Amino acid sequence: MQKINRNVVLALLSLTSLIFLLFQLCYYKFYLSQKNGAAFSKIRGSQSGQESTRWHVVRKFLGLISSHNIPVYLIDPLILGLVDKDIEQIRSSPDGPSPECKYFCTPRDFTTFALLDKTWKHEVGLFRTAEKMGFQWLKIINKDPRLDGMDDLSGMEIPLHYIFKLASHAIHLVVFYERSGNFLWHGPLRLKQHMDRKFVPFRKLHFGRYSGAYEKPELLLVSIDDLKVQIPKNPSSFLEEMSHSRFLECRYREARAFFQLYPDDASLDAVEFRKKAKSLLHLAALTLNNLGVKFWLSSGTCLGWYRQCNVIPHSKDVDLGIFIRDYKADIIPAFQNAGLPLKHKFGKVEDSLELSFQGEDDVKLDIFFFYEEDDHIWNGGTQAKSGKKFKYLFPKFTLCWTEFVELKVHVPCETLQYVEANYGPEWKVPVKTWDWKSSPFNVQDNGVWPIDEWDNVIQIY
Amino acid sequence: MEEWKPNPAVKPHKKRSWYLAWKYKLMNQRALRKLCQTGAVLFLLVTVIVNIKLILDTRRAAYEEEEESAQDYDDEMLNVEVPRHPVNKKVLDVEVYSSRSKVYVAVDGTTVLEDEAREQGRGIHVIVLNQATGHVMAKRVFDTYSPHEDEAMVLFLNMVARGRILIFTIKDEGSFHLKETAKNVLKSLGSQVAPFLSWRDMWTFVGKKGGEVYGEKHAKSPALSTWGDPVLLKTEIHLTSVEDAECHWPDTELNRRRKRFCSKVEGYGSVCSCKDPTPIEFNPDPLKDNKVFDVPVAVIAGNRPNYLYRMLRSLLSAQGVNPQMITVFIDGYYEEPMDVVELFGLSGIQHTPISIKNARVSQHYKASLTATFNLFPDAKFAVVLEEDLDISVDFFSFLSQSIHLLEEDESLYCISAWNDQGYEHTAEDPSLLYRVETMPGLGWVLRKSLYKDELEPKWPTPEKLWDWDMWMRMPEQRKGRECIIPDISRSYHFGIVGLNMNGYFHEAYFKKHKFNTVPNVQLKNVESLRKDNYETEIHRLLGEAEVLDHSKNPCEDSFVPDTEGRVYVMFIKMEQEADFTTWTQLAKCLHIWDLDVRGNHKGLWRLFRKKNHFLVVGVPASPYSSKKPSSVTPIYMEPPAKEEGAVAVPAVAAAEQT
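As given, the protein sequences belong to chains A and B, one line each in that order. So in the numbering used here the end of the first sequence lands on 461, straight run, no missing numbers. So in the numbering used here the end of the second sequence lands on 1119, straight run, no missing numbers.
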């Protein structure tokens, strides 16, 4: 009796499992065909289902976009990398049919496009059409950083990213916004609580880990893989830009808290100084950018940005940092041509170089050159009358973009460490009397210049 | 899932023969057999469980997918669901209280109106409820003790859609200026008492527009000096279905916005009309060569949603408007203005109020301007408008033709659409522009560099209770620069309710303002508005002007001959630059702006009288005094002795408003 029972149970279980397996098979087949259905038939060559899916999804997406007159451009780093290799050929034959599917057929989870916010009107129609075409879409919205710096304004949240998914491929559409400082900005991609975390493999996205800052690109209409798309005119420089595009927003909330504790100086002198410092910074940025010299906000100017999102009115000068490897002999003449005479030059390229230019009405522009060692970075200082040398040590840092007084400039990404190294843990407390030889937290004596070098390393004008 | 699938797919067949073979072979080895059997059972069980899980997962995924892509149908689903709700049978309890010092209305226990403030809220309070949801759609008070308020009430009641529930209650006094027309309207709503409402009566009434009456209570005032007894009306309202409460417009993007709007608020008239709704998209003709297409437009608003509605309508109807550049800045977290903004598909930004009164407005301006330039970093200018302005059809055309001056002429402070002295009887030429030393505001263009470099850094802080516009007019800010204005204003100030505004004041100074309604006016001689060219122009004009008879009274109509198209000049006494004694008296008798000095350019005023260009030169302060023939004695008008005291108070406030 027991035995029979057991056998019956076993048989029943086997039967069920068989049925399930059959069902699975059917389902799998059905699922696959649904995913790639149309794709198999049309594309020529020997691409597997996955590859042609991408091409088809991109084609559908471009159709959708152009039917709504939305100008997007391709910023997918992997495709742009491929395109860059053949850029001459692509440029010369904008319309020619391509012999093989080279770019859009590499199997990937995503293809990334960019969209300039001001070139389209946020319309619901687009999504309706997208849905009709079979796309699933996800919109990622967040606060508008352009209003973030302002007390108590609450605008509508703005779209930062869109993801259009069809079958196994997804289009990542990054929305770029114009910011003060004449650059484009895209936001970070952050999923909100209720969002479907498995909508697409978000970790594999190329954009969205951080926000980013870009120059406004020149575009080029090309035809690749028989698809007409806009791409940045110079893909390699775009890719280069992308590799260090990370953008830091100023810490507006903390800055407001700071001003609650230490009310802002609204005196006429402060207003005047800020105005001059701003125009000096604009001029310096223009000059250095023209030379292609990378610089960042240093010392007091960096502290002002980090602590209060503004120029510190009692700081009396503008401080920039430049890596010594980026030094160019043209820097001095370029500033002089820009109307900023050299005030003093301390040190030499090999050691402790520091330049100082005279801006309008006593506002000084100090440029410190930074020397990289294995485990730290330092810049030097020189006391003119004694020939004493000083050294200021910083932990290693990389550079990020930020917006400051309507300018796109670099700051150290690891700003807190940088500021703390320079000003100590009490950096949040404003100090009005400051001695560059003793006040900095990270100053070290560094000997004395040999007397015979003084003529060279201590030049005052 | 793909990895383990092939495995079981093959196994079962094998396993079965496997199992049979084993079964015979190992029949005797009980322990082993048992183990195998258990193993097989376990394995099968696991397979079954995994499979069931798979089915459930895929089904759920499929369901979610469906849901996602079904967003399209959201609206219809809503409609289908509605009848299932027991909405039809829902009943609202309504309490309405009317008395001398307090009124309140409670709907289902929630107080939706309570007003017991002293010296405020006098008159008839009206509340509109949605007949399907019971939500408050509008709340108004009409001070029908004062003149003309009853007309506003009639206007409002006419705008309310049929079927809505109306609740009325009187606080203090509501009958003194309640005219026959208004009484008839109330009567037509079903009120029995309204036609007989009299001095200091208390009254409450609840009814459906174009339908049943839910209740009415009335307490007569026994004597002139006393009020009627407080009345409390308790009644029930049967809600209808949402279907019945909504219109069936074709399903378009625009109508969705309209639907959202109309289910929330009332009092906007035909925009919510079921049969023939007024458009909310206007598509005015584009402007050829529009130089201000990319100029952001900041609309500064408070909590006057009806004003904002009227304003945005006129703005969006102006030729050359670019809706994408418009941002409405709302001072405070008010819902209804935001609803209006969304109705028109514009973007709106709300601003947490900082400080009080004038300083609040001033901080709101600052935040709005800063935000505008942040949002449109490329912009060199911003157009600044307020919510109580009508915008002329050629507003953008006017700016497009003149904006290059603001860009090129450093001596300019702004371009304004408003001529302070441009009244019906003093403005004539839509193609004529002036340069003036005062900043009129009321629809103007601000240069970004002026704002960013000069104004923003030293904008008055919240604790200074300053008016932003008065501050902007101060010499420290203006620095001798001038504004360009048209002879006939391109904006019209219709606001009667406001911080520094009241009905009397509006009637005296704004109602008769001339407003251009001609499209595509070609401006005359724009280049002559440049700093030096303008002097040449003025000299030419003074050269050709006929000197009026200075022995006559300049206030009299006969002072100016009955001609048309001539240029006349008169000379008034003006001892130094700040001596406006005679001018103020002249302005007063000409019924133009006399509360402070506006519209002057180096001691010269330009206006029209009887269709003649009429120039007034202040002698000897004005550099144009040299044009005065030596025989002419400048006219001096004495200010009347101190009887103006009463007017002086609104005068100060008034000067601030514009």
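Quick caveat, the hints were computed from the structure, so don't treat them as lab data. None of the values given here were measured: they were computed from a predicted structure. Do not rely on the hints blindly, as some may be mistaken.
Some chain B residues close to chain A (C-beta under 10 Å, calculated; not the full set) [unchecked claim]:
1. 512
2. 717
3. 815
4. 915
5. 1010
6. 1014
Ideal Cβ placement from N, Cα and C applies to all residues, glycine included.
Evaluation of the provided hints:
Here the hint on residue 512 of chain B is kept, as its CB sits about 4 Å from the closest CB of chain A, short of 10 Å. Evaluation of the residue 717 of chain B hint against chain A yields a held restraint, the C-beta minimum of about 8 Å falling below 10 Å. Hint on residue 815 of chain B holds. Least Cβ distance to chain A is approximately 6 Å, under the 10 Å limit. Look at residue 915 of chain B: its Cβ gets to within about 9 Å of chain A, closer than 10 Å, so that hint holds up.
Annotation: interface hint on residue 1010 of chain B violated; nearest CB of chain A at approximately 51 Å, more than 10 Å. Given the 10 Å rule on beta carbons, the hint for residue 1014 of chain B is violated: about 49 Å separates it from the nearest Cβ of chain A.
Violated hints, listed in ascending order, are 5, 6; each of the other numbered hints is respected by the structure.
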